[in-house]
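Engineer: If you use full-length UniProt numbering, the sequence shown corresponds to residues 1 to 420, in order.
These aren't lab readings, by the way, just hints derived from the structure by calculation.
Be aware that a few hints might be false.
[To be verified] Estimated spans, in silico, between C-beta atoms of each pair:
1) 158 / 328: 42 to 48 angstroms
2) 236 / 410: 55 to 61 angstroms
3) 158 / 405: 47 to 53 angstroms
4) 235 / 396: 35 to 41 angstroms
5) 59 / 36: 45 to 51 angstroms
6) 369 / 158: 43 to 49 angstroms
7) 166 / 17: 30 to 36 angstroms
8) 154 / 266: 32 to 38 angstroms
It should be emphasised that the depicted structure is a prediction, and the values quoted were computed from it without experimental measurement.
C-beta: ideal position from N, C-alpha, C; glycine also.
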Amino acid sequence: MSNTLFEDSPAKGLVCRNCNATYDLIAQHACWQCFGPLEVDYDQAELAKVTREQIEAGPQNIWRYAPLLPVGVHPEDRVSLNPGLTPLIDAKNLAKALGMRKLWVKDDSANPTHSFKDRVVSTAVSAAIKLGFDRFACASTGNLANSVAAHAARAGVPSIVFIPHDLEPGKIVQSAIYGGKLVAVQGSYDDVNRLCSELTETDDFESTAFVNVNIRPYYAEGSKTLGYEVAEQLGWRLPEQVVVPMASGELLTKIHKAFEESAEIGLVEPGKVRVFGAQSAGCSPIADAYAEGTDVITPVKPTGIAKSLNIGDPAAGPYAIEACRSTGGGMAKVNDDEIREGVRLLAATTGVFAETAGGVVVATLRKLLESGQLDPEAETVIYNTGEGLKTLDAVSSLVGPTHTVKPSLKAAKEAGLLES
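Please construct the entire structure, taking both the sequences and the accompanying hints into account.
Structural biologist: Below is the structure:
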């Protein structure tokens, strides 16, 4: 399992985020020297060769950015549901409601399994096949399990996905329908993740690729496409501000990395994008550490309706804090009632029905504006990472028929439906 397996890739190896120790492109997620997290290290000269024209001539999915990713340079090496190029919506009505000049919604609910996880899973399982694995797996709060099971079905590879036992019913059904093994664990996501980490060390799981454990460096790189895409959809320029939901914190760090890379290799004009993180008050270890002025994350026991963000011990929390501080951004947390209102407001002003994580982002956007941390005059992009139909229980008590009438004009008139 060496670099030769990734022929023509711009990736040259793995590097530790803490101590900068380097490794070949192997199935490993933690540094042997300091136990820090590993990420993909690129040949900057190769990245600098990539042009806008080359990208624009590529496929209508995330693989147009293959020259900027560790895998997938050759189409035959891709395991994919073809995610990406999701809508960037001009949210004029939402901007007006919040008193903002220019606001966009990047709506990743339009992906094949209706969340941004299709991006990271596509890169992860493509790497898994190159690395010799023959089964796909994950620890998941729901959306990732949906995507891993679907990619395995498309590729004809067995899957086994692990979820907390109290997950939303919609996400359980969607994971199960693809026919792989679905394991409900009696515990939180952190318990699930711990179990999966232990399973990777057993002989029975030696040939199993846990996308967010033993091949996590490749998995995480898929999130960069959410940064590249926004820049391209804005006409190859950077937004001034972004608001990103945080679970592990990795999505935020990789979007930030994509913006920086885009400028470094000349795809966009250099500029600082202020990065803001959004968390649920039911699980806010990153936002709490930020507010306390530290980068030391204190694990918490998750609660609240935003279950897709319920990671009580977020691995990339310190790096998310660093990204926000270094760009002049910030973080905030919002409670369940604010989240529900965020879901409702986004739907009523844009036609986008977001899952609870999207409600977290909209509610956080509002809170950051009210506190003066976020500039209402700056062009802003917010990220909706999943489909509202997956978390119906969270808002079903708030909405329903506005009228119930008998099937007659008289009844319609009595209900006020014929009034101008």
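Engineer: Among the hints numbered above, which are violated by the structure, and what are their numbers in rising order?
Structural biologist: 5
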